[in-house]
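A.B. asks: Chains A and B are the protein sequences, given in the same order. Following my numbering, the numbering of the first sequence begins with 1 at its first residue and continues without gaps. Following my numbering, the numbering of the second sequence begins with 1001 at its first residue and continues without gaps.
If you're looking for bench data, these hints aren't it; they were derived computationally from the structure. It is possible that part of the hints are untrue.
[What the hints assert, rightly or not] Chain B residues, not near chain A, derived (Cβ > 10 angstroms throughout):
#1 Ala1034
#2 Gln1036
#3 Ala1172
#4 Glu1235
#5 Arg1263
#6 Ile1266
[To be verified] FRET-style restraints, in silico, Cβ to Cβ:
#7 A:Leu26 x B:Arg1245: 19 to 25 angstroms
#8 A:Ala286 x B:Ala1172: 19 to 25 angstroms
#9 B:Gly1072 x A:Leu294: 54 to 60 angstroms
#10 B:Ser1195 x A:Asp276: 54 to 60 angstroms
Please read all numbers here as calculations on a predicted model, not as lab measurements. Positions of the beta carbon are idealized from the N, C-alpha and C atoms, including for glycine.
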Amino acid sequence: MASTDTKAGAGRTDDLEGLEAGLDALDAVETRRTPLRETLLRKVLPPVVAVVLVLVVWQLLVWAEVTDAYKLPAPSAVWDSLSRMWLQGTLFGVMWTSVSRALLGFVLALAIGTPLGLLVARVKVVRAAIGPILSGLQSLPSVAWVPPAVLWLGLNDRMMFAVILLGAVPSIANGLVAGVDQVPPLFLRAGRTLGATGLRGAWHVVMPAALPGYLAGLKQGWAFSWRSLMAAEIIASSPELGLGLGQLLENGRNNSDMPGIFLAILLILLVGIAVDLLVFSPLERAVLRRRGLLGRG
Amino acid sequence: MAITIGTSARAEDRTAVEYAARIERVSKSFAGPAGQQLVLDDISLDVAPGEFVTLLGASGCGKSTLLNLVAGLDRPSSGAIATDGRPALMFQEHALFPWLTAGKNIELALRLRGVPKADRRDEAERLLELVRLGGAYGKRVHELSGGMRQRVAMARALAQDSRLLLMDEPFAALDAITRDVLHGELTRIWETANSGGPAAGGLSVLFVTHNVREAVRLAQRVVLLSSRPGRIAREWTVGMPQPRRIEDAAVAELSLEITEQLRGEIRRHGQH
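Pulled out of the complex, with its shape left as it was, chain B reads as follows (with noise of 0.2 angstroms):
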């Protein structure tokens, strides 16, 4: 079976391609106590180019699990999964290196991508300036606020220049009022990415979450997985306009009925 990971396109031709991230019949399974254990079952998912897709589920629907896959850091068993360059990927963590400052975090990122070294101090403080952090290029990540250091952890992820962002319940640990304006700010930073049309580069992000607010808030199309072994269940496009608020009356609506299927996928698991 074949497995391509990474490279399928080379940036002359990047305009060719027709998907960011394409994921073709994709099983996993881990070696557990009782045998092998099915944890993604048979996953096909396309990701378009500036595409904005999330991934809802509950626990143990492998969507980490799917995104790891995605990002080249773990092999699915069967199936394969080609993406538009190395993808980025940004974790609930925030996993910047506390021997760099914020500045320095963000221009390892611009080094291990090729950017010589006269053109990384000035790419770093615009990445910053992009998320707002103009003043944060000297901080240290232990004197930023939870909110700034996913800011900075996104900046990084952007620095990869990659046409794909993988994020795995970034906001998940912070409190929503700030989530809610990093909502807003990765919002605003994908359209920009998009503004210039497909041709133009572009950005698509695969959104892993459990919060059916949140993927609605966010995404142009939610993907409920179901659990255990993970599949797809359904899903829903959201034609709402960007910026929309999580508490919009449409977003909730929407919000309502994919909850309703989620626990009923939730209510499955308990019957036996």
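Extracted from the complex, chain A is given alone in its bound form (with noise of 0.2 angstroms):
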């Protein structure tokens, strides 16, 4: 687009001018979004195709009668038992016992590991005491926290949240660690250039270049917050505790009901997939797309 009316300082820069629109047009970046019937197509369709054929395996195997009914029950058992929890309108209230434990645990985990990482990452001392220690503490299974956690703190949501804490703050903290340990240094020489030095050189340059280890902490957190909390409600059953999945999948066993061992095992699976695919996913790519990390495709 070279406007020969802009004749911009002196005459003899205008073939410059003319140069530099050529060679920017030739290096243009095209970018294009992908109509919504390829998405339908490519990522919509392979999923639920893999679906259907789990079920249809599996209704085969039953008309096949591998094994005794009890051991594996019809794929119409378990939405037989679905539909029972849905008409008694117990379905959303077990889910949302679960669900809003396990998010009010998240965030607590967000607000203790969040600080607890800037630490760790920004000072030496702090890092050298507990780093490796944080690290180590991602590859314990948080199940390990849960009879400790019961004897100090009962049968109570107290304990729930203990547990959930253990597992998620490292993973959020160690995401945050990894994140400030992969700003590339330049990043930081060009914010003190331009001044942001101290705490704005912490809000303008290395936040927001931490920001993609930082998401990567948090799924791994949210993951293991749930994990951490089926763990507790399978092993911690009380009647004051209230009816989540995890009591749901242990009721199961005890009444021999493979069915409701099922269904609770597809909804703990459900509650997983909903929450990385409703919102870490699309905020990681978000960002990821933003700063053109995200390969096409």
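Could you use the hints to bring the two separately framed chains together as a complex?
C.D. replies: Below, the structure is given as structure tokens:
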């Protein structure tokens, strides 16, 4: 788009302007949004087909009577359990009991893990002191915390939150530490020459640069929250705690109700997938796309 | 030993300053495997207001180290550096923040300089126009070509409104044609900034490169550094009027002379 009417500066720069416009046009990166039909075809269809296939194989196994009916219920039996809970009006109540616990626990973990991560990332002594412990804690199964938590806090919601925190805080803190560590030194130097030092540097440069790592930590933190909570709910059941998905699963075992067990497992899986798909994946993709870090397809 | 970096002049008495940067007997050594290693040895150099100086040298001559010292990113081991206000710095990599658009990168520089929010957008647009990227305000960094990124980086550096622009091999990673174009742009911007006479502000450039022709193409003065430790070996005043072209016979002739000297400096290191 070399406009002939802008004789910027002296006339001798005109050829430079034209050359530059040509170079810019040649180098322009085309970005294209994928049409909805293509998205449906490429992203939605394959998982739907996979789920249908699993259901088909499942039904075939039931028809072939590979094992006793009480060990492998038919998909229709699980569906009946689901519709019974739906008709009783308990389905969302049970799910909400667990989801609300996990979300509240996750928010608490966020509030503790974020400053802890910043502290470990920026203060050398703190890092030397608790950095290795924090990474080590990630590999400790959070189920291990349930017995001590029950003895310390009793059978109540506080115990659940304690287990969630012990599972999720290290992930969130470690994600932030990794994010800060991966900030290119060039950005820090550029920030300093622009006058972004101290807190302004942290706000304008370090935090946005560390965001992808932090988000990855949050995603993992959520997965750990959910897993820890399920472990806690299965092991520690008490009428006072209210019925969550973990207890639903444990009740199924106690009553030898295999369709109920399958349903509980499916619901636990569903919540985990839904939160990842609806919250974390879009967030992560948006951040990466804005920075041009997302490959095509 | 007094080390003054940064504010040596306030806006009111800017015209009273006779230099954009004054490097006085600066030495710098780093802790190396064989004890303290001297990187810069007793460098003294003045950059006059509005002057364009290129620092030329082979690798290991400490030219980037010197630029970092002038930028205030590091401190000299001895000697003093004074600059007229805080200098702007451009790197070989564009160093634009990928989480911001081209326009917002410039606005961040304006914001950190203290420009009121209401004025930032217009000023950013004006600076983008200056580097002939009028339509790029909302573009993401990854959507721009290498040459366009360096022009946005130049606009961001100019947004600091410094009287001294430090450039650390800013065009080294670009292809020859794009580099040529950016030489032209830099010359134009530098000339425009200084067209109002010394009292109207002006812009000095201290440009580091290992490319002899680039140094001659751009500068009023070429300063050759020797390597290990970096010392000022010689300097040349370049008299040809701008705009020059890198293919000009006069540029080639002087480049040849400087290259010979540079080769001599490098050869000395192979002799022991």
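A.B. asks: Against chain A, does alanine 1034 of chain B hold up as non-interface, every C-beta pair farther apart than 10 angstroms?
C.D. replies: It holds; alanine 1034 of chain B is separated from chain A by about 25 angstroms at its closest Cβ, greater than 10 angstroms.
A.B. asks: Looking at alanine 1172 of chain B again, its CB stays over 10 angstroms from all of chain A?
C.D. replies: Since the minimum Cβ distance to chain A is about 15 angstroms, alanine 1172 of chain B lies beyond 10 angstroms and the statement holds.
A.B. asks: Quick check for students: does the CB of glutamine 1036 of chain B sit more than 10 angstroms from each CB in chain A?
C.D. replies: 23 angstroms, holds
A.B. asks: Does arginine 1263 of chain B clear chain A by more than 10 angstroms, comparing its Cβ with all Cβ atoms of that chain?
C.D. replies: 32 angstroms, holds
A.B. asks: Starting from the hint 19 to 25 angstroms, judge whether the C-beta atoms of alanine 286 of chain A and alanine 1172 of chain B obey it.
C.D. replies: The hint (19 to 25 angstroms, Cβ to Cβ) is violated, given that alanine 286 of chain A and alanine 1172 of chain B are roughly 34 angstroms apart.
A.B. asks: Quick check for students: does the CB of isoleucine 1266 of chain B sit more than 10 angstroms from each CB in chain A?
C.D. replies: Correct as stated: the minimum Cβ-Cβ distance to chain A is 28 angstroms, above 10 angstroms.
A.B. asks: Checking a non-interface call: every C-beta of chain A should be farther than 10 angstroms from the C-beta of glutamate 1235 of chain B. Is that right?
C.D. replies: Consistent with the label, glutamate 1235 of chain B stays out of reach of chain A, its closest Cβ about 26 angstroms off (over 10 angstroms).
A.B. asks: Can you tell me whether the CB distance of serine 1195 of chain B to aspartate 276 of chain A sits inside 54 to 60 angstroms?
C.D. replies: For aspartate 276 of chain A against serine 1195 of chain B, whose Cβ atoms are near 59 angstroms apart, the range 54 to 60 angstroms holds.
A.B. asks: Do the beta carbons of leucine 26 of chain A and arginine 1245 of chain B sit within 19 to 25 angstroms of each other?
C.D. replies: 22 angstroms, holds
A.B. asks: Do the beta carbons of glycine 1072 of chain B and leucine 294 of chain A sit within 54 to 60 angstroms of each other?
C.D. replies: 37 angstroms, violated
Hint check: violations occur at hints 8, 9; the rest are consistent with the structure.
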